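Peer 1: Chains as they are written, first to last, in the working numbering: chain A, 112 to 442; chain B, 112 to 442.
Don't take every hint at face value.
Stated by the list, open to error - Below 25 Å or equal to it, Euclidean Cα-Cα: the simulated SDA-like pairs (lysine to any residue) are:
no., chain 1, residue 1, chain 2, residue 2
1, B, K433, A, A352
2, A, K335, A, A230
3, A, K356, B, K433
In case anyone wonders, no lab produced these hints; they're calculated from the structure.
The model shown is predicted, which means the values in this text are computed figures rather than measured ones.
Number of protein chains: 2
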Amino acid sequence: MIWYKNNDNDIVISTRIRLARNLDGVPFPNALSDKAAATEKIKAALGGGNSALAKDLDFIDLDKSDPEHKARLAEEHLISPQMLKGKGQSVYVSKDRTMSIMLMEEDHIRLQVIMAGNALDEAYDLADKIDSVIEENVTYAFDESFGYLTACPTNAGTGMRASLMLHLPALTLTKNIKNVVASAGGMGIAVRGLYGEGTSAEGNFYQISNQVTMGVTEKEIIEKLKTVTDRIIDMEKKARAVLEKNSPNELADKVCRSYGILKYARKLSSSEAKSLISDVMLGRGMGIIKEKGKILPMECMIMSAPSIIGGGKLGADERDIKRAEFIRENI
Amino acid sequence: MIWYKNNDNDIVISTRIRLARNLDGVPFPNALSDKAAATEKIKAALGGGNSALAKDLDFIDLDKSDPEHKARLAEEHLISPQMLKGKGQSVYVSKDRTMSIMLMEEDHIRLQVIMAGNALDEAYDLADKIDSVIEENVTYAFDESFGYLTACPTNAGTGMRASLMLHLPALTLTKNIKNVVASAGGMGIAVRGLYGEGTSAEGNFYQISNQVTMGVTEKEIIEKLKTVTDRIIDMEKKARAVLEKNSPNELADKVCRSYGILKYARKLSSSEAKSLISDVMLGRGMGIIKEKGKILPMECMIMSAPSIIGGGKLGADERDIKRAEFIRENI
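Modelling step: build the complete structure from the supplied sequences, incorporating the hints.
Peer 2: Printed below as a string of structure tokens:
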């Protein structure tokens, strides 16, 4: 199941587990001249195409992929944005696009599982299982006191980053999002814009993830993230209830207008589309909007991202026209 | 035919002819204590219910009408806004609501014909015919040198005000409307907001009318107004062509978004509704919007006016909600 397809969640959109692993005795990618050899070693460990795992994976050499294909993988969160410009990098993607194994990113291996909705346990269990399969055939860089060694020390220890994409329109609208960031930060959980560090929270999408990877177990990370997530869901629901109680007509008007604009506009910038789609997701979540187009809002958003809608070929104006057309026909 | 029903004109919306007449030897209404007697005299002249004309007319005593009924007559332009607050006034309205004869307004008789579209000749011919019928049975205040005498000297002479309601969105958008006002003014034609003097041009609706009533014949007034109207239509069409040539996507986006908002909003102020409806009329006129609701935009505008949608009972917020509901379901 591709995480953004047929995904009608309106608060916890998706869950992601990422494990950073490196080959023992091989320099980290930033200091590695022969990335091809390291890549071959991992490919062999994954069973060379014969294991059950290997049969479920498609290998993509990013050096041989066109920019549009790479851009799409990044939009789907199957590779990191940094890999769009990398060299000597590749990725395994599972048939159901739930799992990807990025090779020669910051670390030799970045194993990722991404699932729709609030699915920390399932995502972690799958990541852990695949990790064990790989570890049967390869020796990871591991230190008894530090744990898994990584290119950047902030990832060492468990090597795990668990994150959830949250959609928090009511907390944003009522300006309570600052409290969320502060309270999560106090528990060692970072809150950022959708595409990781340094990006803003366009469309009211936030990513929360663990900051600490060392001196804690994977289970502890998961449990802490669950606690914070449940607390934020509760805060968002309360903020929605307040909006509904204090200004039901204004709320309905706002989300319905946004839907009307998406269904009729002839030009839509990426940023405006995200904001309007966020409104529609809120409207659907609160039962105000019941109409349903060919695809759900979240898929509209991903499929109308600049790199996908433009195919790397169109200028901004043409993209805005094509985006409006796509959304108009599908939402 | 009610002028605003099934009216798909997008530049010249309607044509109105108004003749001011007074009874000979009776003080003008502002100085008249016994308005009832003057009213009876005119009622008798109109045939007392037996003539063909009288059979086509419904008599409405405005003192006995509830505020909602009067407000609706004003929105339909069958009585003047001033008559909402008057005393001792009444109006005859023809079955097809093309004609009204206001009694004891500023003058004893204000005969009005209102038709959809650009119809100066037809409207004048009808007004002239009715005027003759009335004059067969009553002596008008008339002076050989001044012409028809009226309460306000600016109406004396022909007693005629011919006006057209124009919808000039492109001239407004391109800021050329000032040239229109100046050039029409130079020919003795006034350009004003929709509801006459002192009102702004909400929704890009303007009323043009003759300023001079004395020293010219009715035919001369009509011909001059036709010339100015044709010139303005031409200017508006050219302005639309420029918009279509220079920014077709932005134009389509603007009118389609307005349609989307009208079809989905849950709250609409009167002023916003007019502005959005103006966009939709422009979009229909330019062939950009082809969808058609239960009723045409102009009727939506009239039927969602504050006095009609609120029925004199609702507050502004409730009216905005009811207006959005009415427009959403009908446009």
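Peer 1: A separate judgement is required for each hint: does it hold in the structure or not?
Peer 2: Hint check:
{"no.": "1", "hint": "K433(B) to A352(A)", "result": "holds, 24 Å"}
{"no.": "2", "hint": "K335(A) to A230(A)", "result": "holds, 14 Å"}
{"no.": "3", "hint": "K356(A) to K433(B)", "result": "holds, 20 Å"}
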